[in-house]
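Visitor: Top line first, the protein sequences correspond to chains A and B. Here the numbering used here is used: the first residue of the first sequence is 1, the next is one more, and so on. Here the numbering used here is used: the first residue of the second sequence is 1, the next is one more, and so on.
Derived from the structure by calculation, the hints contain no laboratory data. Treat the hints loosely; a few may be bogus.
In this list, chains with the same sequence are indistinguishable; a pair is considered to hold if it fits within one copy or across any two.
To be verified - In silico lysine-lysine, DSBU-like type, Cα no more than 30 angstroms apart, as pairs: (1) K220 with K88; (2) K223 with K165; (3) K269 with K165; (4) K263 with K223; (5) K263 with K220; (6) K88 with K165; (7) K219 with K165; (8) K88 with K263; (9) K267 with K165; (10) K269 with K220; (11) K219 with K269.
Number of protein chains: 2
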Amino acid sequence: MVPHLTTALTGPINELEQRVLESMPAIERWFRLEWMEHTPPFYTSVDLRNAGFKLAPVSTDLFPGSFNHLTPQMLPLAVQAAMAAIEKICPEARNLLLVPDNATDDPFYMTSVQRLVQVFTQAGLNVRLGSADPAVTGPRALALPDGSELTVEPLLRTRGRLGLKDFDPCTILVNDDLVAGTPAVLENLHEQYLLPPLHAGWTVRRKSRHFQSYEDVAKKFAKLLGMDPWLINPMYATCGEVDFSSPGGLDCVQANVDALLTKVRRKYKEYGINERPFVVVKSDDGHHGAGIITVRDARELPDLQQRCADKAAGVTEVIIQEGVATYERVHEAMAEPVVYMIDRYVVGGFYRVHAERGVDESLSGPGGRFVPLAFADGHQLPRPGDKPGVSAPNRFYMYGVIGRLAMLAASYEMEATDPDAETYD
Amino acid sequence: MVPHLTTALTGPINELEQRVLESMPAIERWFRLEWMEHTPPFYTSVDLRNAGFKLAPVSTDLFPGSFNHLTPQMLPLAVQAAMAAIEKICPEARNLLLVPDNATDDPFYMTSVQRLVQVFTQAGLNVRLGSADPAVTGPRALALPDGSELTVEPLLRTRGRLGLKDFDPCTILVNDDLVAGTPAVLENLHEQYLLPPLHAGWTVRRKSRHFQSYEDVAKKFAKLLGMDPWLINPMYATCGEVDFSSPGGLDCVQANVDALLTKVRRKYKEYGINERPFVVVKSDDGHHGAGIITVRDARELPDLQQRCADKAAGVTEVIIQEGVATYERVHEAMAEPVVYMIDRYVVGGFYRVHAERGVDESLSGPGGRFVPLAFADGHQLPRPGDKPGVSAPNRFYMYGVIGRLAMLAASYEMEATDPDAETYD
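Could you put together the complete structure from these sequences and hints?
Guide: See below:
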């Protein structure tokens, strides 16, 4: 289930949202059944884009940061979910080793780590921080903006186990997206739980593989609700390795942009949507917002090569994806909801906001801000005759559903890409 | 874990509380291990009394009402806990049948039922209400104070199953404490989950049996923390059946009152507590506050018989229990914290408040009020060098721990009194 948070969305409930709200018990049961067969990622954050007629995930982070942008009131939900997660993995555990990424000199990032430490401490674990950074040779105290500090210690590897000095954890929780590669110290740990698994790192993950799984999930879910999966699923295409410097290097990208725009145009016509479609071209590996290019028209293609070469330096694999406009505003700035989950539970969310970006642009990157979503204060009085639980609509519910669909897709994705999985033919 | 709620308690943290707060990870791990061996009750509310030097449960309700006194902000925690409970019992379930008690004409009680309906609807179940009252012969709409309504339908029993017209539930959740007896329609249901089990009803339960289990739990927990179990455990004695009208009928009660007061006096002396001890005499069956008698001195015993005969009419079994004063105040009125749990999780709480009662009297009954506990708003800034998660002390945490100890005791109690349990000698 999904906490009732105050959303920017206050207009009338549209058809898609109405259908999702009405189907709540069936949706929750469907998730229950899916989680009987599939293991949820340990923690997940999902960026959504809401165009009103369409709501879709655009980014699924399996090493989420920014936990500090959840309000303190959401902490108990996170702790409760963390307890459920630990009970399944290591109920007897005393110790949790948290491996942050190497941005330990970033006070904002460390404030998120601090929040994670709080969550797992309150869930009943001794939490210590270990760094794979060779520069960390002894305990290092890191000052936090609130005046407190956290200590990072060097990781100690024995043959089979990873720990710190005098600290042997049952579970190692990684908060580094491994975009720079997988440290050898984390490999071949078979006696302890390493979460998320290494193949959740960006050295292995591909966005297109995630959206392939998401398409499967969206189709199943749309069947449950009797609706067109396109309403929650952004179409995409891939091009394998792209050589930005060669003359015909972008042919595949151009062809796919054109084909995708045609498909989207057809869908818009089908639904009477009076908007100009666009697609985004982004790197298929790595996860950062850098290098996301918005293309609205095949006529823009001639200068695409130059723009790609400028903005997407070093990108070799690309994904071309249907763009979903964001029609939510917080203080007149473009806003994207971000949904946070621990284990199978939605534990909170916030808006990613950017005042200088348009409806069709990425809101990540410099100039972006975060606006916490507070719990909704006064539940509206239920109207007589309304079904219980439905009459005070939880506008955040729909985000929680789509966020969990993306999380379920990540679970499918992790199963499909697991290098240790046994194959039965 | 325990939500951070604003407590009436704002004074300095005493020794007991300090020890509980410092031991949080060890305590949470201990609960995890206990729940691997024991099944938590489906839902539980526990009334506590806080004397500062001593904190103890005084009443453990396995059919809790008053869910409407939890703030709306606690709903997501309740729903998340309900999801966890359902996943274990009936993950494929579509339907939940809720059996309220027969007080369906009490708008306050029905508002609590409405809250339960919301919780389980949002957890993904179709919830309908069934009544064992023979007067309910068809669907009956019940108006709620907020203008909405709930419908109660007659229970339909086939040989093996219980349901409503066109409604076959996997789980039947009873919210009737069965103090008036167990309706035949609820008996011998072996194909469905009936929760709580019938022997959790007051036709079977005895307070003394609960406190016998609580004593075991308190001893184990006190060993973990290296403290005297008396600090969380109220001593008690029983008298079996008492005949209030016979001349020597109260001899056993008088002897136990005297012995218990002596024991408490000794403990107070040991801890240098400068208070006058008292004991309470109450019915061992039934659960209501009526008939709770406070005795401060053996010299009061001569008129005890008259007072018992007046106040505890019909009581045959009595428990004599060490009294725990409540030193918490809300707006200068005596206040008792009440902790709510679903499955193994603390989902909220409130204060039971009574302006006209003394520190040594029951706060239940006419004139009592409820004061919701809000989530603590501004977490204090952590002090530099403080352990994470500890520096902004959650004063509600201690209540959540003692509440869960009483819940664990109820779990032991249900195992010990299960009529269907197989006995291994």
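Visitor: Are the CA atoms of K88 and K263 at most 30 angstroms apart within a copy, between copies, both, or neither?
Guide: neither (44 angstroms within a copy, 44 angstroms between copies)
Visitor: From the Cα coordinates, with 30 angstroms as the cut-off, is the pair K269 and K220 best called within, between, both, or neither?
Guide: Answer is within; shortest intra-copy Cα gap is 24 angstroms, inter-copy 69 angstroms.
Visitor: Quick one: K263 to K220, C-alpha cut-off 30 angstroms, is that within a copy, between copies, both, or neither?
Guide: Within one copy only: 21 angstroms inside, 66 angstroms across.
Visitor: I want to check one pair: K219 and K165. Are their C-alpha atoms no more than 30 angstroms apart within a copy, between two copies, both, or neither?
Guide: neither (49 angstroms within a copy, 34 angstroms between copies)
Visitor: Within a copy, between copies, both or neither: which one fits K88 and K165 at a CA-CA cutoff of 30 angstroms?
Guide: within (27 angstroms within a copy, 38 angstroms between copies)
Visitor: Quick one: K223 to K165, C-alpha cut-off 30 angstroms, is that within a copy, between copies, both, or neither?
Guide: Result: close only across copies, 28 angstroms inter versus 53 angstroms intra.
Visitor: Go through the copies and call it for K269 and K165: within, between, both or neither, with a Cα cutoff of 30 angstroms.
Guide: neither (63 angstroms within a copy, 46 angstroms between copies)
Visitor: At most 30 angstroms between alpha carbons: which applies to K220 and K88, within, between, both or neither?
Guide: For K220 and K88, both the intra-copy (27 angstroms) and inter-copy (24 angstroms) Cα distances are at most 30 angstroms.
Visitor: Could you place K267 and K165 in one of the four classes (within, between, both, neither) given a Cα distance threshold of 30 angstroms?
Guide: Cα proximity of K267 and K165: none, with 59 angstroms in one copy and 44 angstroms across.
Visitor: Using 30 angstroms as the alpha-carbon threshold, which applies to K219 and K269: within, between, both, or neither?
Guide: within (21 angstroms within a copy, 71 angstroms between copies)
Visitor: Checking K263 and K223: alpha-carbon separation at most 30 angstroms within a copy, between copies, both or neither?
Guide: Within one copy only: 21 angstroms inside a chain, 68 angstroms across chains, cut-off 30 angstroms.
Hints 3, 7, 8, 9 from the list above are not met by this structure, while the remaining hints are.
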